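Colleague: Next come the chains, spelled out residue by residue.
There are 2 protein chains.
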Amino acid sequence: MAYEPRHMKWWGWGNEDVEFDAQAHPGFWPYARAELGIERDDFCRREWKLETVELPEPFLDERFLVKLASFLKPTQISDQRKERVIHAYGKGFRDLFRLRRGLAIGAPDLVVYPESERDVCLTLRTAAERDVVVIPFGGGSNISGCLERMEARRMSVSLDMRRLRRLLAVDVPSCTARIESGIFGPDLEEQLGTYGMTLGHFPDSFLHSTLGGWIATRSAGMQSDRYGKIEDMVVAVRMVTSEGVLATRTVPKSSNGIDMNHLCIGSEGTLGVITEATMRIHPRPESRLVRGFLFPEFEAGIQAMQECVRRECRPAMVRLNDPDKTALSLAFRPPASGLSNVLSSLFKGYLRVRGLSLPRASLMLTAFEGTQAEVARQLRRAQAIYRRVGSISLGESSGKSFEATKYDFPHIRDYLLDRDVTTDVSETSTVWSNILPLYRDTLALLRATILESGVRPWAGCHISHTYQSGASVYFTFGFRQERGCELEQYLRIKRAVQQSFIDHGATLSHHHAVGTEHLPWLAADISQLGVKAVAAIKRGLDPGNIMNPGRLQPCSNPFDRWM
Amino acid sequence: MAYEPRHMKWWGWGNEDVEFDAQAHPGFWPYARAELGIERDDFCRREWKLETVELPEPFLDERFLVKLASFLKPTQISDQRKERVIHAYGKGFRDLFRLRRGLAIGAPDLVVYPESERDVCLTLRTAAERDVVVIPFGGGSNISGCLERMEARRMSVSLDMRRLRRLLAVDVPSCTARIESGIFGPDLEEQLGTYGMTLGHFPDSFLHSTLGGWIATRSAGMQSDRYGKIEDMVVAVRMVTSEGVLATRTVPKSSNGIDMNHLCIGSEGTLGVITEATMRIHPRPESRLVRGFLFPEFEAGIQAMQECVRRECRPAMVRLNDPDKTALSLAFRPPASGLSNVLSSLFKGYLRVRGLSLPRASLMLTAFEGTQAEVARQLRRAQAIYRRVGSISLGESSGKSFEATKYDFPHIRDYLLDRDVTTDVSETSTVWSNILPLYRDTLALLRATILESGVRPWAGCHISHTYQSGASVYFTFGFRQERGCELEQYLRIKRAVQQSFIDHGATLSHHHAVGTEHLPWLAADISQLGVKAVAAIKRGLDPGNIMNPGRLQPCSNPFDRWM
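Protein sequence lines correspond, in order, to chains A and B.
Its first residue numbered 1, the first sequence is counted upward by one per residue in my numbering.
Its first residue numbered 1001, the second sequence is counted upward by one per residue in my numbering.
Chain A extracted, bound-state conformation (with noise of 0.2 Å):
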C-alpha cells in the first residue's frame, strides 16, 4: 500500500508519540494552575485503553458490503475497533472528552478508503441505493462537530479521503496546482516545493489536515492576509454527489451565472465528496521573516493593523495578543526563546521608560514574505506604523520562537484535560468599527459565564485575519471542570460565546465550520431563507440525504445534539 499519513492518537491531538513537553514550557503549568486556582498537583498520566470504548453496535448492510467487495480491494474497507474509534469524531473538546470517558456513539459501522474518484462515485451511488449514510473524513481535526455520526437507524460510513493524495498537474506560468483532495498540509507542501511554488495556508491544523477538509469547512491558513482564505484560493472543483459529479473550470473569473465553485466550498460533507481542485498557488517566497511586536495596550495594536490594511502594507501574518493572550504566550515560551528576556527585570525597566506596563501590553506577531527587499521594505513601513502608536521590537528571536512552536499550541488541551480542565476556542468576525465593542462585551459575558459555575475563568483573544473591512477575533478560554456535569458546564459557556457573536452582528465562525456546535447559531447568520436555500440545494444533489445529515440543517432542539 502506498505511504499514507498517520492518523492522530484517537484521545488527543497529533501522532501517539507526540504529546506537550511540560519541560520544554516550563511556564506554562504554574501559570495555568495559578490562573485557574488549582491546588492539587497530583494528577498522574493515564492510559488509554481502546478495549474499553463503547461502540455502538456495528450495523452492516450486507447488500451494501457485498457490493462495495466488487470495486474495493480489502484493504480499503475496515470496521475494526480502532478505525471506527478513530472516525468517531474530530478534535473538539467535546469528542475529546467523551473518547477519553470511553464513550464512542458518533462512531461509523466502517471506514472506506477510496483509492481514486471512481471508488468515491461507485461508493455514492451504492450507498444511495442502499440509503446508507456517508460521512466524509480528512484529517479527523475538525473542531466543530462536522464528523459524528448524527443518526443511528441507518448504516453509517465514514470515507477516509487519505489516499487520493496526487498532485496530478502544476501549471507554473499560471500559478494553478490540480490536487487531490486528500493530501495533508506536509505533503502537498514538499509536493509544491519541487517546482518552487507553495499553496500559501498554514492553518494550526496544518499537519493534520487535508486539502479536501480545507475547502469543506472554508479554512482559513494563518498567513491569510496575503494567501486568502481557502475559498479565495479554489480556482476549480470536483465534487462527486450520488447524482454525479459537479465539475468547474479552469478559469480565474467568470460570470457564468451562480458560482458552482462557492456552493462546493462550505458544504461540509453535506452535498457530495470533494475529489480534486485547481488551486491558486504562488512562487516561494524568496525571504521570510517573523517579528514579535510588544504594544502599551490591546487597543494600540488594533488601531495599528487597521492602519496597516488602509495603507495596504500588509504583512502576511499578524497575530496580536490581548493582555491575557500576551501572558499566555509568554508563560508558553520555551526557556531560552526570544520571548524570555521580555520577563527580564532589565527588560520591564526598559517598558517602564518607554510608558508600558506588562500587565496591559499586547503582543503581536507578524511575517513578512517575498524578495529580500521587499521583505526590508514591508519591516520599514510595518514598524514606522506601529512605533506611532508606541510599540516596541521585540527582535528577530521572538519571531523564530514562534515558527518552532507554531503547531504545538493544540496540544495543551490534552495537557489540560489530563488536569481536569476544559479549554476551548470560540472565533468569529467582524467588521473594524465593531471589533472592540464585540470584543469587550464578548469577554466580560465569557468570564461571568465561567464564574457561575463556581470557578475562576481564564479568559484571552487575540485578532488575527485582517482584511480590508474587519478582521477575525478568536477567544481562547479555559476552567476547571464542574465534575459530573463537565459538558453542561462546556455548553453553557460556549453557547454563551456564540450568542454573544450573533447579538453582536457577527458570524457564527470565520474558519472553523458550523458543524454540529454552531449549529444553533446558522438562521440567524444566513437568514431563514438562507436555510431553506440550504435545504434546497441538498434535496438537488443528495436527494436521499446520505450525506452527512443533520448538518447545515438545523432542527427544532439543536442544543439537544451537544450532549
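It should be emphasised that the hints constitute simulated quantities derived from the structure, not laboratory data.
Nothing here was measured: the structure is a model prediction, and the numbers come from that model.
Ideal placement from N, C-alpha and C gives every residue a C-beta, glycine not left out.
The reader is advised that the hints may include incorrect statements.
Said to hold, decoys possible - Reference listing, derived: stretches of chain A covered by chain B, where coverage requires no fewer than 3 residues with Cβ under 8 Å from a Cβ of chain B:
hint : segment
1    : 252-258
2    : 430-437
3    : 535-549
Using the hints, position chain B against chain A.
Modeller: The following block gives chain B in isolation, referenced to the frame of chain A:
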C-alpha cells in the same frame, strides 16, 4: 417624484441626446469603411418612430392590477407604450436590431417602479399568488439577453429598480457602505465621494448600469485589477424572493457553511430581487495616472502583463490591444489626442529605430492609483518590466485621451448599425498558459466564419482584468450585414466564437452574464450537475418559477431562443 436617472434611448446606447460624434473621431469611418469593404457612403439619418413598434398584445391580470394598486402609487405603475418598449430588451446586437426593425416581442405587459424593499416584497408576493412573471431591471445595459420576456402565456412585469437609489450607511473605518441596489454608477460615486470614498467599480456601462445589475451579472469594472470584480466587493446582500428575504451579515469573512452571498451574486434575476448590498469601499486615491505604451508585438505585451502579476506590480487597470484593436484605437482617437503623434511620420521613424513596426505593434493602457509617491513607484516598476520586452511609453497625453473617451465606445455600434454593419463583443477568461492558443485559434475561426458569409471580417482582441492565474480575453468584431438574414448571420458568428471558448477550456463569459446568448454553453461550463444544482436552488427559492423564467436553465433547443 424624486430625481431618477433617465432611460437610455430605446433604439440604441446612451441618452437620447447623445450619439457617436463622427466629427470628433474623423479617422474612424474611413478606417471602418476600408476594413469592412463598404463602398457606399449615402447612409441617411433615420427617424425612430415609437408608434410603429410592434408590441405583444398586453396580457393584464385584473386581480393582480387591483392588488398592486392597493400598495403602489399610480406613478409606480405603467403600461404605456414607451415604457414597455424601453423595458423590452437590453442593449445587445439582437436587442437593438429587433427594436430598430420595429419588433418588441420581448416587451413586458407592465412596468413597476418600487420605491422601497416593502414594495418589492409585496409585488413579488402578489406576483407569486397570481402567477405573474417578474423580470428585475436595473439600467437595461445588459448585452447577453438577460432582460427580454421569454414566454407569452403569463403576464410579465418589468421591475425597474432605479428608485431604490439611497446610500443607506457608510462605515468609513471599516470601508463598507450599505447601498440600495437601483443606484446608478455616477450617482453612487458622487454620494460616496462626499465621504472621500469610492467603490472602484467602473464597467464600460458605468453611466447606465446599477449596483443590483452588477451583482446579479457578476460584472467587472475597468479597474478590477485593483478593486476586484463585483463578487469580490460584496460584503453582505439582501435579496427579496417570493418566499421571503435572504439576508447575510456584514462580516469580512465567514465559515458559516455554503456562502449565501454567492447564491445571490450571478443569479441573474432568477431567484429574487437584490434590494441592497453592503459593499467594500475604498478611500479615493490621492493620485491617478493613465499611461499608454506601445509593445513591439502582442505576445510581448502579454508577457509583460504576466510578469507584472508575478512580481506583484499591479496597475489599477491594464488593457492590452492586439494589433487590429490597436489600429482601431488609433483610428478612433480624437484629432488632437495623445495618440495622434503615434501616426506621425517622425514617430514612425522613431519606432523603426526602436525595432517596432506599427502593423504588429500593440497598444497597452494602464492606470495607476494611490498616493503620489506610490503612483510614481508603481509606474517606475511597471515601466522597468515593460521596457525589458521592448515597449515604449506614449507619454501622458495618451492616457488623457483614453480617460476623456472611455465611456464612448458603445456608441459606435449604433453608428455602424445605421450603416448596416453588425458589431459585437465576446469575452472570456483563461489561465495565462492558455491565452495565446485561445487567442490565435478563436481569432482565426472568427475571421473564417465571417468570411463564410461572403463579407470582409474585422476582428480584434484585448487582454484585461489580470489575475494571478490568468486574464480576460475580449474579442470585438464587425462585418457587413447579410440582408434579410442578419440575425442568422450574427448567430452563426457569435456561436463559433463561444464554442471556441468552451473548446479551449475557457468560460462562457468573464463579465457579461449567461442571459440568452450564452445559455447554450452553460452545461459545458458548470457541468450538468451544476445546472441541476441551479435548478434545485430555483425550485427552493422561486417555487412558482415567476422570476426571470428561462434564464440559467438550458432548454432542449437553446439556439431557438436567439431568434
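Colleague: All hints are to be evaluated individually against the structure, with a verdict given for each.
Modeller: Verification of the supplied hints:
no.	hint	in the structure
1	252-258	holds (count 7)
2	430-437	holds (count 5)
3	535-549	holds (count 6)
In the structure shown, no violation is registered for any of the earlier numbered hints.
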